[in-house]
Structure formats: structure tokens, C-alpha cells
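Two chains, two frames, some hints: make the complex.
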Amino acid sequence: MTSGFDEFSLALFTTLAPAGTIAFIALALARLLERDHEAAVRIDRLAALPFSVVLVGFIASATHLGTPANALHVFSGVGRSPLSNEVLAAVAFLFLAGSYWMAAFKQHFPDSVAKPWLVLACAAGAALVACTSLAYAVDTVPTWNTWYTPANLWFSALLAGPVIGLLFLHLARSGRLRYGAVLVAVSIVALAAGTVVLTLHQQSLAGVANNELAASALVPGYGTAIAFHALAGIAGCVCAALSLRSRRSRQATLALCGAGTLLLLTAVLVTRVEFYQLHLTVGF
Amino acid sequence: MTFGFFFDNTRCTGCKTCEMACKDYRDLGAEAMFRRVIDYEGGTWERPGAASAGTEAGMAVATGVFAYHLSLACNHCGDPACTRVCPTGAMHKDDRGLVWPDERKCIGCGYCTMACPYHAPFIDQHLKKSSKCDGCRARLDEGLGPVCVEACPVRALEWGDPAELAARHPGAVRSILPLPPEDATWPNLFILPSPAAALAAQVGGHIANHQEIQV
Numbered sequence: 077m078t079s080g081f082d083e084f085s086l087a088l089f090t091t092l093a094p095a096g097t098i099a100f101i102a103l104a105l106a107r108l109l110e111r112d113h114e115a116a117v118r119i120d121r122l123a124a125l126p127f128s129v130v131l132v133g134f135i136a137s138a139t140h141l142g143t144p145a146n147a148l149h150v151f152s153g154v155g156r157s158p159l160s161n162e163v164l165a166a167v168a169f170l171f172l173a174g175s176y177w178m179a180a181f182k183q184h185f186p187d188s189v190a191k192p193w194l195v196l197a198c199a200a201g202a203a204l205v206a207c208t209s210l211a212y213a214v215d216t217v218p219t220w221n222t223w224y225t226p227a228n229l230w231f232s233a234l235l236a237g238p239v240i241g242l243l244f245l246h247l248a249r250s251g252r253l254r255y256g257a258v259l260v261a262v263s264i265v266a267l268a269a270g271t272v273v274l275t276l277h278q279q280s281l282a283g284v285a286n287n288e289l290a291a292s293a294l295v296p297g298y299g300t301a302i303a304f305h306a307l308a309g310i311a312g313c314v315c316a317a318l319s320l321r322s323r324r325s326r327q328a329t330l331a332l333c334g335a336g337t338l339l340l341l342t343a344v345l346v347t348r349v350e351f352y353q354l355h356l357t358v359g360f
Numbered sequence: 571m572t573f574g575f576f577f578d579n580t581r582c583t584g585c586k587t588c589e590m591a592c593k594d595y596r597d598l599g600a601e602a603m604f605r606r607v608i609d610y611e612g613g614t615w616e617r618p619g620a621a622s623a624g625t626e627a628g629m630a631v632a633t634g635v636f637a638y639h640l641s642l643a644c645n646h647c648g649d650p651a652c653t654r655v656c657p658t659g660a661m662h663k664d665d666r667g668l669v670w671p672d673e674r675k676c677i678g679c680g681y682c683t684m685a686c687p688y689h690a691p692f693i694d695q696h697l698k699k700s701s702k703c704d705g706c707r708a709r710l711d712e713g714l715g716p717v718c719v720e721a722c723p724v725r726a727l728e729w730g731d732p733a734e735l736a737a738r739h740p741g742a743v744r745s746i747l748p749l750p751p752e753d754a755t756w757p758n759l760f761i762l763p764s765p766a767a768a769l770a771a772q773v774g775g776h777i778a779n780h781q782e783i784q785v
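The listed protein sequences correspond, in order, to chains A and B. Quick note on the working numbering: the first sequence kicks off at 77 and runs consecutively. Quick note on the working numbering: the second sequence kicks off at 571 and runs consecutively.
A couple of the hints might just be wrong.
The following label-pair restraints were derived from C-beta to C-beta distances [unchecked claim]: (1) B:Ala-733 / A:Leu-210: 21 to 29 Å; (2) A:Ala-290 / B:Thr-580: 27 to 35 Å; (3) B:Thr-580 / A:Leu-307: 52 to 60 Å; (4) B:Ala-737 / A:Ser-280: 40 to 48 Å.
Calculated from the model, a selection of chain B residues having no Cβ within reach of chain A, i.e. all distances over 12 Å [claimed, not checked]: (5) Ala-591; (6) Arg-674; (7) Gly-678; (8) Pro-687; (9) Val-717; (10) Ala-733; (11) Ala-736.
Covered by chain A, per the in silico footprint, the following chain B stretches (three or more residues, Cβ under 8 Å) [said to hold, decoys possible]: (12) 658-671; (13) 697-708; (14) 719-730; (15) 747-757.
Since the hints were made in silico from the structure, they are not lab data. Quick reminder that beta carbons are idealized off the backbone N, C-alpha and C, glycines included.
Bound-form chain B, shown alone (with noise of 0.2 Å):
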């Protein structure tokens, strides 16, 4: 069995519901996310030209300027790269898909927040070891789904098999900007592009909330 998330790039808000849930729900301070929501810009715009100035076609604001969010946890990703480099073995992918480090094990090097192209791993200042989203696998335990998908209050997020995930939404793919090329590590990640996704990727942008993600 595996897990993954879908998460719809046209509906998100950036609103961060599914952010401070996770917090919320795992008792994360300031300092520690789960899941963060990246806002990616890009695009520019043209004064209008002096020279056709005074005509209506002239006052007008040429822009390519776009802006879009990206909700992003641990994508249980089908070759984790922090599984991969783990000298213990306490990060790990379990029978149900998920990846998460076995605190009996893990012996806090940061070998795997090294690793991983998307950031997920940390090492917890109070544990002392390694830690991340194990996609709510004591919520999964009760039949509840994971707490950000619950959360979101506009449906951008689901939860499920990937195979299953990817088959109910089919023009869905596992990499936009900023997020590395999918056979990194293959994320379990089902993305529907926005418009703004699909500019940026011709055009480029950057991440305007580098500070606020911690990355």
C-alpha cells in the first residue's frame, strides 16, 4: 500500500489553514512545520510608452505578473532520499506508504534534512532527533483522514492511494516551480497546475516567503 497527497494548485488560497492545523494538531511551536504553504511570483509589467501616450491602447498595463500558493508537506515520496542516506534505518517508509523516523533509532545527524529536496525532515531542538509529517498515521489509525486535508477549507488537498489519486485527476503532475524535477525521488505528490503555474514555467519566478517557511 502507499500514500500521497493531491493537491489542487487552481483552488488554493494561500489562506494557511492546512499549515496551522498541522501545528495545531501536532503541537508545533514557531520554530517547527509539517507543512508549509510557499507563495511563488514572478512576471513583470510595462509603463505605458511615451510615445502612445494619450491613446487608450497606450495607458494600458502590459503585465505578465502572476502569483500562486503551494501547500507542501512530506510527499512519502517512492525513493526517499532521506530513507535512502538514513545510516540507522530509523527513517523509514512503513507498510501503509508513509515515510517517518523511528525515534527509538534515529540518532539526530540531519543526514536526512540534508537529503531531501523538499525540506520535509528537521531535527527537533527538544527531542534531539529527526522529525517530520508522517501523514497523521495515528489519525489514519482511526479512520480519520490526515488533519490538513480536513482542514482545507477549499477541498485543495486530498489524501489517498497514488495510483487511485492520479486516475481521478488526470492532468495532474508531481512537479511545478519551485519543486524539484519528479524523478528525484518521485514524490507521491499530484499537483493540478494553475494557469500561473504553467507561466511560471516558462517565464521563472521565486519564492516571496523564504523567511516565513524557513527554507
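Next comes chain A alone, as it looks inside the complex (with noise of 0.2 Å):
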């Protein structure tokens, strides 16, 4: 019998999902200091990147679905199914950045319309990350229902979305040199802290077990991924960090924090699949 859980689509959208909408938040919030209205219209137009990082993942997750001709049914359970709040989240989060991707190509698009509009997407993103990180809380399942889950969530999305951000600022010729400091400076210390929880986490799986399964037994490569995770964020934060050199060409500042966005991306990865494989249900 399956469960019908599909752990890898699941993975790539917690992911995916999280660290996009912390991009364009970054986004967001270098369009709302900036100034220069070429600028801003420059980061308007590359909104949409961010926004497909988010809906890929978003696709991703729909493909676990057996049945997603159903799928509005699943409104009916906001406020009572993490799964619901998830997906209304997700939801307001898309049409609200969508909308203002779109909304910006008109000729006259004052910053009176702009800004509260991007103010709102970024609190829909936030709610997002949040309800994401909370969906794993079934008191069932106790190698998932801990303070680690939402704060690994929360850690992955700051390690890997602001250098993507970053990336796109780049695309965008954003060229402010501080701003892009501090996007990378958010990833080193959430990779710090990130891999501080991920250890503890390991740690406090010694103590939990159902009756027939050891939490720890579930995943034997927790250590290795660990260690990977802080390598490749550790290797993507320097990627990210040289790219900030100004006297770098083009291509040599986009191709190294590309890099250090798919660094980070798969740094990610591997801990949320990790995470997947810890599924356990109290009783047997």
C-alpha cells in the first residue's frame, strides 16, 4: 500500500516555495528603497523570477496530489487543516505578487500603488514561509511535530532566498553594493543557525521512538547531510559574497551567484529530504 506521500515533490517544494518568496521580499524591499525610478522599474519587470521560483515549487507539490480536480474542496478546511492554511497562503501570496508583476508593465504605476501593493505581497510571503513551516505539526507524528520543524523551514528559506534575490538584483543591474552585503550576510548567519538546528535536531532524535521504530533508525545519512548542508552553504555564501566585487564583469558576478544559488538550493534540499524520511507515527 503507499501512503501517497510523494517525499521528493515534497522536498523540491519546501524547498523551492520558501526560499522564492524570501526572494521576493528581497526584491521587494531593495524596489522600495530605491530611488531611481529606471531602477525600480528594472526590479519590477524581473518580479516575475522569484514568483516562478515560488510556483514551481507550488507545481511541484500538486504533483503528489492523486486527485487535484478536487483541489477547491480544499478551502473548506482553512483554519482547521495546516494543509489548507498552507495552500490559502500560497494562494494569496502568487496572486498578489502575480498581480503586481503584471500591474507594473502599465505606463503610469505611481509608488502611492506600488508600494502598499508589494507591502501586502511580502505579508502574504511571510504568511506563506509561516504556514509552511507549521503543516508538518500533526501531534501524531512526533519526529515532526517539535520547534525544529518550523525553525529548519524558516533557516532554509533565509539561507537559500536571499542570495537568490540577489541574484536576481544582479539580473535587474541593482548595483547596491550594501544591500547586497546584507542579503548575503542573512544567509551566513541563518547557515549558522541553521546548522545549529539541524544538529540539535539529530541530537534530540536519540530520545524518540514508537513502539516498533527508532526516529534515528529512519535516518542513518542525517549526520552527512548535516555536514553537506554546512559545506554547500558555507561554499554558496562565498559564491554570493565574491559576486559582490564591483569590478567584476557581468557574466563573471551572474554566473558566481548563480552558483551560489544552486549551492544553496541543493544545501536545502538534501535536509529537507532528510526530513521526509523522518516520518513516524506514535504506536507502531
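Now the structure itself:
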């Protein structure tokens, strides 16, 4: 029998969607702070990219559904089911972010409209990351129903998201070095904190078991995955930091930041796969 | 109204007639089961010690070995984990207290399969939706009992109102190994534990037929 829980598609979703959301927020903040109208328009045009990252994640998660035709019934569970809350937040974010991108093509798109729209989209984005982080708070699954789960998801999003945002800002030729440095700093802090939380989570598994299985036996490679996460994370952050040097050619800047993005997404994905392997109910 | 099962752990021989009757009635293939029989084993024995070899007492094998069977379907719980997490409300508890997925609403996300500590729901690969024991609600409509209960050759299964089942079987408990603690979902399952189950509660044991029960 199958659980229908397609682990890889969900690992991909929880890697891409939160990171893409944070990347959107990074772009939005740059847009809100930008005083040069031309530069602001260039950022607006590229708002489609983080939106697409989230959308690809969302589509990946939908592939594990057996009968997506009934999907509209998902909204009947809002407030009760964590999954419904997550889907509502995702739809709200995708609507606000997508419609913003399209509306920004208007010839006259005043800041008085653009800025509140962006702030709303960012709030929906934060709600999406929060709801995704809480989607596994199921009290019959002791390996998931801990504070490590939301903490890991937030730190993963804050690790990859800012560097993806930086890549898109490079593409938009938004060359604010100081802001770029802040984004890389956020990723570095998230990497350090995330690695600590992952390690604490791994250690906590020694005390978790049901009547048949020890939780640690489900993830024999967790330690290796955490080490890979840390090393790929360091390499990714170094690439992103090197892309900030102003004397580099555009191609080198984009190549470095693109490599950093891939490294960080891979670092996150590896830990997300481990997370889904940790499924264990009380009992047997 | 609520619905529950009673299971006499002292009578069950592990013949799996309940499981097969269910499969037959619900037309389930090898890959699916609404009811499963868990074989639970444990304990150990000691060889006669060399020092006492030759004596009558020394030749005896001291044994604490045990084995028992647990016939388990959906327990139509008082606080079902599956209905709590279901995003569409497809997995619901009806007026009779039966928990079952409404296939007009189910999206086949598998969230119910992840949450249920009894592994009752699963995703039917043909329907692409959640599927599980529904207490034989079609048979109940006809005034019949669940097919597993009626098939049991040793009358180890009963069904009915949980309060009546509990009153009829005062020694019944709602959890024996390897089931979760009753307060996880408040299962409407009442078990008369065998001496082997009481021993298992003290010394522990393990499921001996993991592959067979597909968990």
C-alpha cells in the first residue's frame, strides 16, 4: 500500500517555495528603497522570477496529489487543516505577487499604488513561509511535531532566499553593494543558526521512538546531510559574497551568484529529503 | 451515535479470516487492506545451565516467549487524526460515527495516511484517492454487521455502540502493544487483552509480520 506522500516532490516544494518567497521579499525591499525610477522599473520586471520559483515549487507539490480536480475543496479546511492554511497563503501570495508584476507594466504605476501592493504581497509571503513551516504540526507524528521543524524551514528559506534575491538584483542591474552585503549576511547567519538547529534536531532523535522503531534509524545519513548542508552552504555564501565585488564583469558576477544559488538550494534540498524520511507515527 | 469494534485478544488465533472476508467483500487486491492482523511476538528462553546439567530441573527450558495476534481496522476514533488534518473535509465522521473519505472531495494528498497512527487510510492507486474501512456502512444500511465481524470463526470481533461494548466487556482496554496510547486519538476499539499481551506490556516485543501487514 502507498501513503501517497511523494517525498521528493514535497522536499522540492519546501525548498523552492519558501526560498522563492524570501527572494521576492528581498527584491521588494530593494524596490521599496530604490529612489531611481528606472532602476525600480527594472526590479519590477524581474519580480516574475522569484514568483516563478515559488510557482515551480507549488506545481511540484501538486504532482503528489492523486486527484487535483477536487482541489478547490481544500479551502473548506482553512483554519482547521494546516495544509489548507498553507494552500490559502500560497494562493494569496501568488495572486498578489503575480498581479503586482503584471500591473507594474502600466505606463503610469505610481509608488502610492505600487508600495502598498508590494507590502501586502510581502505579508502574504511571510504568511506562506509561516504556514509551510507549521504544516507538519501533527501530534501523532512525534518526529515532525517539534519546534525544530518550523525553525529548520525558516532558516532554510533565509539561507537560500536572500542569495536568490541577490541573483535577481544582479540581473536587474541594481548595484547596491551595501544591500547585497546585507542579503549575504542574512544567508550566513541563517546558515550558522540552521546548522545548529539541524544538529540539535539530530541529537534529539535519540530520545524519540515508537513501539517498533527508533527515529534515528530512519535517517542513518542525517549527520552526513547536515555536514553537506554546512559545506555547500559555506561554498554558496562565499560565491554570493564574491559576486558583490564591483570590478567583476557582469558574466562573472552572474556566474558566481548563480553558482551560489544552486549550492544553497542543493544544501537545503538535502536536509528536506531527510526530513520526509523522518516520518514516524506514535504506535507502530 | 457512535461506532466501535471489540476485539477479543484471548480468542484470536491469527487465522486472518476477517482480513480475507474484508478483501473479498470490498474487492481489494494484494496491495490493499482495510483490516490487517498483526502478529506480535517477544520474550526469550534460557538453555539449561551447564552446572545443573543432568538434574531434572536443569534440563527444563525456562521460557518467557509469547506470541499473539491483533486484528486491526479503522477504529473510527473519537478524535480522529485523519479528519483533523484533511484539507478538504473529505475524510469525515458521519452521523453514525463512521469515519470515511468522501471521494467527491478527496484530492489524494495523503495527509490522512501520514497522520493516522493505525495506518488505516491509504491512497488507492486506481482511484487516486484515500481509501479505508468505512465500517461496512452499506451493510449497516441493510441491517447487517461488518463483514469482518460476521466472518470471524471464533467470535473474536464484535461491533456496536462503544459505550455498550465497554459495558459488555468490563476488562477491555483501548491499547495493547504495538498500538499507540489511547489518548493519541481515542480509538473506538475495545480489546480484551490476553496474558501474552500483559506480558508484552512488561517486557516489550516486536511485530513479526511487517511485510505482510504493509506497514
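Where does the structure disagree with the numbered hints, that is, which hint numbers, in rising order? Of the numbered hints given earlier, those the structure breaks are 1, 6, 7, 8 and 14, listed in rising order.
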